[in-house]
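Asker: Spelled out, the chains give:
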Amino acid sequence: MIVQSKSSRTIRTLLGWAVVALFAFPLYYWLTIAFKDGREIFNYPPDVWFFSPTIRNFEEVFGISLGFGFGEQREVLPGGGNWRMGPRLWDSIVVAIFSTVLSVSIATLASYALSRMNFAGRHHFVSWILSTRMMPPVAVAIPVFFIYKELSLLDTYTGVILIHALMNLPLAVLLMKSFFDDIPKEIDESAMVDGASRWLIFRRIILPMVRGGMAATAVLCFIFSWTEFLFVLTLTQTGLKTVPVVSSTFVTSTGTAWGNMAALGAAAMIPAFLFILLVQRHLVRGLTLGSIKQ
Amino acid sequence: MNDSDKKIYRAKVVNDYVLGKMNRRTFLRNASALGLGAGVLGTGMVRPFRSFADSQSPLEPSADVLAWVKDVSGPFAGTTLRLATESTPPSNAINSLLKHFFEEASGINVEIEVLPLEQVLQKLTLDIASQLGTYDLYYIDQSWAASVSRDVFDPREQIAANPDLAMPDYDTDDFLTALVNGISLYEDRWVGVPYDIPIFIMQYRKDIWDELGFGAPETLEQYYEQAKAITDTMGPEVYGATGQMKSGHYSLECDWTAWLWGHGGSIFGPDNRFAGNDEAGLAAMEYWDRLHATMPPGVTSWTWDGQGQSVAQGVAASMMSWGEFFPYFDDPNATKVSGLMEAARCPKPKALRTLAETGFGEIPGVGHQGGSSLAVSRNSKSPDAAWIFMQWATCYDTQVLITALGGGTGPTRESVYDDPRIIANNRVGAGTTRHLNVVRETIAKDMGSEPDLPQWAELSNDTIPVRLGKYFAGEYASAKEAMDDIAQATDKIVSG
Amino acid sequence: MKLGVLSADRPLVWMLPLVAMLVAFTIIPLIYNIWLSFHEYAPFRRRLEYVGFENWRMLFSDSRMWEALGTTMFYFTVVLLVELVLGMAIALLLDAEEFGFGFLRSILTLTLVVPPAIVGMMYLLIEDAEFGVLTYVLEIFGILDKTTPILATGSLALWGVMLADIWQWTPFMVLIFLAGLRSLPSEPYEAAMLDGASAFMTFRRITLPLLSKVIAVATLIRGIDIFRMFDYVFVMTSGGPGTATYTLSLYSWQQTFSFIKWGYGATLSLFTLVIILVIANLFIALAKVRW
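Chains as they are written, first to last, in the numbering used here: chain R, -14 to 279; chain X, 75 to 570; chain S, 1253 to 1543.
No lab work stands behind these hints, which were simulated from the structure alone. Honestly, I wouldn't trust all of these hints.
Said to hold, decoys possible - Listed below are several chain S residues computed to face chain X (Cβ distance under 10 Å; list not exhaustive): (1) Arg1299; (2) Asp1380; (3) Glu1382; (4) Leu1403; (5) Pro1493; (6) Gln1506.
What the hints assert, rightly or not - Okay, derived cross-link-like pairs now, DSSO-like style, lysine-lysine, Cα gap no bigger than 30 Å in a straight line: (7) X:Lys424 / X:Lys280; (8) X:Lys302 / X:Lys422; (9) S:Lys1398 / X:Lys410; (10) X:Lys519 / X:Lys280; (11) X:Lys144 / X:Lys455; (12) X:Lys144 / X:Lys173; (13) X:Lys455 / R:Lys134; (14) X:Lys424 / X:Lys554; (15) X:Lys173 / X:Lys455; (16) S:Lys1540 / R:Lys170; (17) X:Lys410 / X:Lys302; (18) X:Lys280 / S:Lys1398; (19) S:Lys1398 / X:Lys554; (20) X:Lys519 / X:Lys424; (21) X:Lys280 / X:Lys302; (22) X:Lys410 / X:Lys280; (23) X:Lys422 / X:Lys280; (24) X:Lys554 / X:Lys566; (25) X:Lys302 / S:Lys1398; (26) X:Lys422 / X:Lys554; (27) R:Lys134 / X:Lys173.
If you're wondering where the values come from, they're calculated on a predicted model, not measured in any experiment. Heads up, the beta-carbon is just placed ideally off N, CA and C, and yes, glycines get one too.
Based on the provided sequences and hints, a complete structural model is requested.
Answerer: Structural data, given as structure tokens:
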């Protein structure tokens, strides 16, 4: 693009780092809390750079002992301790992965049709799909609670996966449609002239071309499922619980277990971040939202 | 005596007892004469296996209790029970340390969902309104007792209806009577049994108090003067007092009631109309304003968490608040004040209304209680199994273990306070019980209890704390204006 | 040819799973909520009772609701604008291959994987008046001191909540805009360079128009979520101080779950839905978004 002088490039580099540092700082600070004991968390002025790190918070959160004295603990700590959150992290991963697969698959099929086939009221249909995301979650949660009770889906993986997939569908359809729109229709048409069916064209020609888009869509679906709170709170009891809901367990009648909460938050960032890194190659390229074709 | 006279007299008797004007024996005699019935206040049953263990015995459930559990739960093996509870010391102790003993003995699975208070209310609401019985047991904060009273079994009825399943020495009389009245009793029903009892006590920094030559505050006025002196000399590093004054949060309402009752005011008058805007109510606000000035500026954004932290980190020198925090303050790994804190009864109130001068069963007293009950849901699919678990979870033996293991929380049974295993924890350190004598005395003499009415959940979580929050944010011209506004809104909600 | 039904141009077949899901989980709840808005839960009789238009009448005379609507609109406008502008600025800044910029772009996505409920707690601590690191920084710069707790001061609390939202979701905008910038054709830029256009003019005349659809879609997606924002206020301020940070979604949550007023809660939710629908469709029409 525009040729820049060396000094302006240096300024840009520094500015980029500074801005991202500003965004990263709260996360860094949150991480330090995960490694601080109860007294240090509340030092004022806050200990930002120097403190004596401990992994006790992690030991308590996951009910494991790494030889730092937790194994011998017999008392329940004020505010809990001994939380055994490992399985809850697993719940989050299962729910996020399966709901992502579900919404991306459904959305891919539907958006191909929306992109390639003409039918009356298509524009309104897309607007309607988007509008289903506008319903306040509280208003969806209660009726779904009753439906689930009837179908015995309360407190099950299937139930949570379904509702998370649903929640992400409008977004996924919108994104996927834009990726299909980016691919010239002439490709389909020439294949059709050769006698290939819609399904064959879709499966063999078009689908490989939108892989990047699917990855990008998957990342966003994953993130929204990973962080969703109200549905999981309402539709689960003890069978499963995802990280956002279970992290509120640390808010107790004898104060909030800040160190433990930060430890869980930090640990929960790892799987999600790994997932993002895994598909990142496609991410930036994929999230074009149909900007190529104006 | 006609019925209504009886009711008033009974209220007076209870009130006298709660305020320490009547000893337990006189109270029991009067109460049973008034037909409260042996089931409520009977003269004590045989206690076959309540031999006090010595302090050296291991902290494990007694074999006798587990044998009883095994004995009665045969038909229910394989059942799964569900309970949603606030994350309180008893629930945490049962969930993480004691539950498996019960499960092994009974073959019944117990799934406990530990949540913050507001979320427990949400779960409860959904379960009650839908009558689906997704939970077998309810954890009921005293402020919800009236709303859910019809959705749970009265434990006395359960004992009577099914003597085969009744624990031999369960003894409902052992629950502190003041707690039964304040937490569980709604009209003439028990909404479960008292399960935990956080209550306001005075917790102060002995070292600072000594340094300034103060004794434990005797009166509210003296407490203010001491707090002011500390803030004046040591602030802004150390403040004399602190609070839980987050706008729109239940905790703000709790703080308010303590000052209100302590100045001879009450939330409701005998006509069941809001009385917080009368002379005593305004005197309380005037006092609170002064005391607020001695607190850290952050109090208006804190719930009990921030309040507790401010003491634990040495920023505030005292708090008149939940006694549950005391064992935490003593934990050298978590706080900077281990061993420096002292517990005392709340300062004496300036004046105190009697039960007859208030409405909706409100009991004035500076020791605000925030207890909760445990009860079996009427919608439960397996109420008998739930009842067995409930008896086990609230029996003498389990409560001793909860108190010893669960970080020195206040027991709801009289006898637990005297158990050697509890007394053995009377030392400085995490999970101490050295504040429990104060807790016990506070329950008997200073306890204040919120009114019971179905609209109370809305009033105490929204109407009152939102407007008090507005007041402290300076949105009202005067305390009078704020209180009049609360009065108007409250009366409108109460009259429906 | 395994899937014969998918061979022909029958859009409904392709969209069947989607339509089934949306009908089951949005049409039914919608109808249920409309039904609910004409009923109210009677605690003592433990059932829903018909109340006619009572809830709707109450809605329009409820001053708390109007105040919450005002707060929501203000929050919505500020947060959406800031996230759009800041997101675009950072995307433009990071759209280069300077030292470590690939790494910086991945780091930015980290804010998105923290659940909003935890972000709320995080900012509650960061903005705490006594122990918060933000309080400390502001104190150093002499902007605020401890005597003004951010989240308990009427004029500041909403900004404190906005900070959490902006921090978490600006990177979302950056991500989308970066992808958009990457996909732009290079010819118009070469032409602009030959004409000697300034960087600002190039942005105004070329980048913005080319990105208009990306911006429109990002605005829609984020706008809907901002309007329904719940987690941050719920955790950070409970709507306080007073009613300064009550949003519509917090208010309807509270009516539904804290006070067991399901009917009124449903009415509030429907009202929220209608407002979002109106705003979104106005936007779609004005921005000439074609799907």
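Asker: Next step is simple, just say for each hint if it's right about the structure.
Answerer: Status of the hints after comparison with the structure:
With a cut of 10 Å, the hint placing Arg1299 (chain S) at the interface with chain X holds, because the nearest CB-to-CB distance is about 9 Å. For Asp1380 (chain S), the interface hint holds, the least distance from its beta-carbon to any beta-carbon of chain X being 6 Å, beneath 10 Å. For Glu1382 (chain S), the interface hint holds, since its Cβ comes within 10 Å of a Cβ in chain X; the closest pair sits about 4 Å apart. Of the supplied interface hints, the one on Leu1403 (chain S) holds, with its beta-carbon coming within about 5 Å of a beta-carbon of chain X, less than 10 Å.
The interface hint given for Pro1493 (chain S) is met, as the beta carbon of that residue sits about 4 Å from the closest beta carbon of chain X, less than 10 Å. With 10 Å as the threshold, the beta carbon of Gln1506 (chain S) comes within range of chain X, its nearest partner Cβ sitting at about 7 Å, so the hint holds. Pair hint Lys424 (chain X) plus Lys280 (chain X) holds up; C-alpha atoms about 24 Å apart against a cutoff of 30 Å. Restraint check: the Cα-Cα separation between Lys302 (chain X) and Lys422 (chain X) comes to about 18 Å, which is no more than 30 Å; the hinted pair holds.
A threshold of 30 Å between alpha carbons decides the hint, and for Lys1398 (chain S) with Lys410 (chain X) the separation of about 21 Å falls inside it, so the pair holds. For a cut-off of 30 Å, the pair hint linking Lys519 (chain X) to Lys280 (chain X) stands: about 23 Å separates their Cα positions. The hinted pair formed by Lys144 (chain X) and Lys455 (chain X) meets the criterion: a straight-line CA distance of about 21 Å does not exceed 30 Å. Between Lys144 (chain X) and Lys173 (chain X) the CA atoms are separated by roughly 14 Å; this keeps the pair inside 30 Å, and the hint holds.
Our distance criterion of 30 Å between C-alpha atoms is met by Lys455 (chain X) and Lys134 (chain R), whose separation comes to about 14 Å. Distance restraint check for Lys424 (chain X) and Lys554 (chain X): the Cα-Cα separation of roughly 20 Å lies within the 30 Å cut-off, and the hinted pair is therefore satisfied. A hinted pair counts as satisfied when its Cα atoms are at most 30 Å apart, and Lys173 (chain X) with Lys455 (chain X) qualifies at roughly 20 Å. About 23 Å separates the Cα atoms of Lys1540 (chain S) and Lys170 (chain R), which keeps this hinted pair within 30 Å; it holds.
The suggested pairing of Lys410 (chain X) with Lys302 (chain X) holds, with an alpha-carbon distance near 22 Å, which does not exceed 30 Å. Restraint check: the Cα-Cα separation between Lys280 (chain X) and Lys1398 (chain S) comes to about 26 Å, which is no more than 30 Å; the hinted pair holds. Between Lys1398 (chain S) and Lys554 (chain X), the direct Cα distance comes to roughly 28 Å. Compliance with the 30 Å bound is thereby established for this hinted pair. A C-alpha spacing of about 15 Å is found between Lys519 (chain X) and Lys424 (chain X), which places the hinted pair at or below 30 Å, so the restraint holds.
For the hint linking Lys280 (chain X) to Lys302 (chain X), the alpha-carbon distance of about 16 Å falls within 30 Å, and the restraint holds. About 14 Å separates the Cα atoms of Lys410 (chain X) and Lys280 (chain X), which keeps this hinted pair within 30 Å; it holds. About 19 Å separates the Cα atoms of Lys422 (chain X) and Lys280 (chain X), which keeps this hinted pair within 30 Å; it holds. Taking the CA atoms of Lys554 (chain X) and Lys566 (chain X), the gap is near 18 Å; set against the 30 Å cutoff, the hint holds.
Between the alpha carbons of Lys302 (chain X) and Lys1398 (chain S) the distance comes to roughly 18 Å, so the proposed pair stays at or under 30 Å and holds. Note on Lys422 (chain X) and Lys554 (chain X): the hinted pairing holds, with a Cα-Cα distance of about 25 Å set against a maximum of 30 Å. Restraint check for Lys134 (chain R) and Lys173 (chain X): satisfied, since their Cα atoms lie roughly 27 Å apart, inside the 30 Å limit.
Every hint from the earlier list agrees with this structure, and none is contradicted.
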